[in-house]
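Sequences and hints are given; from them, build the entire structure.
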Amino acid sequence: MKKKFKPLLWILVLVMSMSLVAVFSSGGCKPVAEEPVAEEPVAEEPVAEEPVAEEEVTISLAMHVANVENQEPATYAIVQEFMKNNPNITVEIQGTETDEHIKKMKMMAASGTLPDVFWMLPPPAKEMAEAGYLGDLTEFLSNNEDVVARIPANMIDAYKLDDGTQYGIAYQPLVTGLWVNNDILGKYGLQVPETFDELKEVVKTLKENDVVTIAKGAKSPFSVWAFLIMICRYGYFDKIDGILAGEASYNNPDFLKFYQKIDELRELGAFPENVSTLDYFQAVEMFMAGNAAMLDAGVWEAPKVEASEFGVEASFWFGPTFGDGVGNQKVSMAVPAAPFVVSASVMEDQAKANAVFEFLKYYFSDEAADIIVNSQFLPVIKYSGEIDTTSGLGKVLEALGKPDWVSPPNQPDLIVSEAIGNAMYDSIYGVINGVYTPEEALDIVDSKIAEQ
Amino acid sequence: MFWLSKKHIAILLMLPALLLYVLYIIIPIIMAFFYSFTKFSGIGEPEFVGLKNYARLLKDPLFLVSLKNTFIILAVSFVLLLVGSFLLAVLLNTKIKGANAAKALIFSPAIIAPIVVGLIWSFILDPYTGLINMFLEKGGLDFLALKWIGGVTLTPYVVGVVYTWQVLGFITTIFIAGLKLIPQNIYEAASIDGANPRQELFFITIPMLKQTFLINVVLIITGCFKIFEVVFQLTGGGPNHLSEVLVTYMYNTSFQYSEYGYGMSIAVVTFLLSIMFFSVYLLVIMKRKEE
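Residue numbers (our numbering), protein chains in the order written: chain A, 1 to 452; chain B, 453 to 743.
The hints are simulated quantities; they were obtained by calculation from the structure and are not laboratory data. These numbers were taken from a predicted model, which means no experiment stands behind them. Yeah, the Cβ is synthetic: ideal placement off N, Cα and C, and Gly gets one too. Incorrect hints may appear among the rest.
What the hints assert, rightly or not - Below, simulated DMTMM-like cross-link-like pairs (lysine to aspartate or glutamate); rule was C-alpha separation at most 20 Å, straight line:
#1 B:Lys-491 - A:Glu-130
#2 A:Lys-104 - B:Glu-497
#3 B:Lys-599 - A:Glu-130
#4 B:Lys-511 - A:Glu-451
#5 B:Lys-599 - A:Glu-273
#6 B:Lys-511 - A:Asp-443
#7 A:Lys-103 - B:Glu-497
#8 A:Lys-103 - B:Glu-652
#9 B:Lys-599 - A:Glu-451
#10 A:Lys-187 - A:Glu-267
#11 B:Lys-511 - A:Glu-273
#12 B:Lys-504 - A:Glu-451
#13 B:Lys-511 - A:Asp-446
Claimed, not checked - Computed far set for chain B versus chain A, every beta-carbon distance over 10 Å:
#14 Phe-485
#15 Ile-495
#16 Leu-516
#17 Leu-539
#18 Ala-556
#19 Lys-590
#20 Gly-591
#21 Ile-601
#22 Phe-665
#23 Val-670
#24 Asn-692
#25 Phe-723
Here it is, written out as structure tokens:
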């Protein structure tokens, strides 16, 4: 019996050891990077603009949503059309929820396994570029002047390092604000307010009738877009450089007035009572179901708004002006969204680089812009086609087209580090939740800035 | 002697598991220690900052909040789990009808993924849309419809209860296994000597389950220090970090704020605290044993 067991057990040990070896060699359990982290400067060799080779090339595109087909329908449709037009190029789309996507890209950068093209938030994209993980798109742009001519300068300039390295191009314009259900306002004899005092009156009337004014979800701390526009009306862009340099404080009289306004809205009952246990998607559901008059969101909800029961009467609003505000009060928000960036390793493979550049050329083409508009999103390029003014997208364009309304160069949280940006979200929701006083909320951001 | 019991064969057979343990447990712990002395955003090279992160911990109000919440969860679940699961085990170890079905039902929460547990309980505990407050309000008990989650006070206590619910069956199963190992003739002898059930419980059952108690205490302590998914799903650590526990705060610091160095210092402190708790308990047990 013992003799029978002996060889069997040795076989078992052997099989287990071989399976471990197989796991490590397949990359399934890579404990350490196989390639050294790319520390060399971004590739400087010019990328030759040769006609796309007919050889089969596969490029990877990583997006920041779990289901690209449903959540980024425009990008998905563009990829499908691109592959039809370029049968020798296969684009493998990878989709992961935003937070996970950002973590994943950072880990992949460290292990040298970045996808060829990917979406990335501006602050970490800049860090990645400075660390040499991203390819320089300067030559791509200089060899494709028609692409450059189509894209507004700020969509390109936002993703340029001080040394001129072009590390990304905005993949869409970021237009944010408040969607408004005018059916609800109309039911109570209200109109879209213009000033903060008018907004307060709207809130009071709606609260008396048990209607939520602004749908929000604190479990999604980033969902404070409308409030980031509002802080611009208190001189944010005049102050922020000095604040970050330590010459001024985030806790200043102007910002204090703004946070006190948020507190006033909270006291009047503008937000859902369970705002602290809702997330952004639940807030969207609340609005789309007709249970809130406004939704703090952006152009990406245009398709859902259009499809809703109140879609025809909905409107898009950049929030109230403030009597005690600082500077221009007619501030809209149409800024570069997060960029598409290209992995530095792409530049070392001519065929892959050509395929990636062909994809980018197509993405910023008129044909792709039509696809984007048909999906109810805004294209980056200057669009000359017709947009139905009654559509969700049309309502955003209507708001953007108002005379004298000017967008800042970027969204306030996108010009600071991730940590400071998160502290800003925390401070705003802290007041909305009733956890922080306005002063405490401002101190939260100051503390985070000091820690950097 | 059967050849398998030779030392070198035993070591050889343990080697694969040991290798995996070193690669996925020990090395990450060492790496966490290393990164805790750095400032690192996850991109580029980490910058060595010495003990700066640890000094920051002492002044960080959010870290102290997460520490307090973790201890509250530990206290609540320690009492409820240890006492509740022991008594449940004693009950289920008797020959009562339906004991086997009850065991299966009580154990079932342990096989639900923790993130799903958090999701289920968020529908029950939400102060405005949850089942508990809905029933309380319908029953005219509005004054009992508290802010179980999403408020500033009750969340850690509620998390302790949810954790207890989740793990009760598992701890009970370990106690039942321990009870089954106690020889029945001891109870028979005690019964002959006139011991009543209460005396049997305190003078036979509990002393003979010392090792089982020790195992369960370790599991409860380490489990409480590892709680993440339930808090993450119930409140996300909010509102504004007031319901953070050590692991969720470490997660948010590392992955939301991209402060990996500081996040690892929180992880190291969590690790050291759980070892410290367990060591203290072990010392107390050993001392009592000597006495």
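Here is what the structure says about each hint:
For the hint pairing Lys-491 (chain B) with Glu-130 (chain A), the CA-to-CA distance comes to about 17 Å; that is within 20 Å, so the pair holds. About 17 Å separates the Cα atoms of Lys-104 (chain A) and Glu-497 (chain B), which keeps this hinted pair within 20 Å; it holds. Distance hint between Lys-599 (chain B) and Glu-130 (chain A) is unfulfilled; the C-alpha atoms sit about 47 Å from each other, more than 20 Å. At most 20 Å may separate the alpha-carbon atoms for a hinted pair to count; Lys-511 (chain B) and Glu-451 (chain A) meet this at roughly 12 Å.
In summary, the hint linking Lys-599 (chain B) to Glu-273 (chain A) is supported, as the alpha carbons are separated by about 11 Å, within the 20 Å threshold. Taking the CA atoms of Lys-511 (chain B) and Asp-443 (chain A), the gap is about 15 Å. The hint holds against a cut of 20 Å. With a C-alpha separation of about 16 Å, the suggested pair Lys-103 (chain A) and Glu-497 (chain B) falls inside the 20 Å cut-off, and the hint holds. Taken as a hint, the Lys-103 (chain A) and Glu-652 (chain B) pair is broken in the structure, with Cα atoms around 56 Å apart against an allowance of 20 Å.
Using a Cα cut-off of 20 Å, the hinted pair Lys-599 (chain B) and Glu-451 (chain A) is violated, with the two alpha carbons roughly 33 Å apart. The hinted pair formed by Lys-187 (chain A) and Glu-267 (chain A) fails the criterion: a straight-line CA distance of about 23 Å is larger than 20 Å. Of the pairs offered as hints, the one joining Lys-511 (chain B) and Glu-273 (chain A) is violated, with about 32 Å between alpha carbons and a cut-off of 20 Å exceeded. Straight-line distance between C-alpha atoms of Lys-504 (chain B) and Glu-451 (chain A) comes to about 11 Å, which keeps the hinted pair within the 20 Å bound.
This hinted pair checks out: Lys-511 (chain B) and Asp-446 (chain A) have alpha carbons roughly 15 Å apart, not beyond 20 Å. Distance check for Phe-485 (chain B) against chain A: the nearest CB is about 17 Å away, which clears 10 Å, and the non-interface claim stands. Listed as outside the interface, Ile-495 (chain B) is inconsistent with that label: its C-beta sits roughly 4 Å from the nearest C-beta of chain A, within the 10 Å cut-off. Under the 10 Å C-beta cut-off, the non-interface status given to Leu-516 (chain B) relative to chain A holds; the minimum distance is some 14 Å.
Leu-539 (chain B), annotated as away from the interface, keeps every beta carbon of chain A farther than 10 Å; the closest lies near 33 Å. Distance to chain A confirms Ala-556 (chain B) as a non-interface residue, since its nearest Cβ pair spans about 32 Å, more than 10 Å. The Cβ of Lys-590 (chain B) lies farther than 10 Å from every Cβ of chain A, with a closest approach of about 18 Å, so its non-interface assignment holds. For Gly-591 (chain B), the shortest C-beta to C-beta distance to chain A comes to about 21 Å, beyond the 10 Å cut-off, and the non-interface label holds.
At roughly 6 Å, the least C-beta separation between Ile-601 (chain B) and chain A is not larger than 10 Å, which violates its mark as non-interface. At the 10 Å boundary, the C-beta of Phe-665 (chain B) stays outside the reach of chain A, the nearest C-beta of that chain being 35 Å off. Even its closest Cβ contact with chain A, about 28 Å, leaves Val-670 (chain B) beyond 10 Å, as expected for a residue assigned away from the interface. With a least CB separation of 4 Å from chain A, Asn-692 (chain B) falls inside the 10 Å interface cut-off, contrary to its annotation.
Consistency note on Phe-723 (chain B): stated as away from chain A, and its beta-carbon is indeed over 10 Å from all of that chain's, at 20 Å minimum.
Taken one by one, the earlier hints fail for this structure at numbers 3, 8, 9, 10, 11, 15, 21, 24, listed in ascending order.
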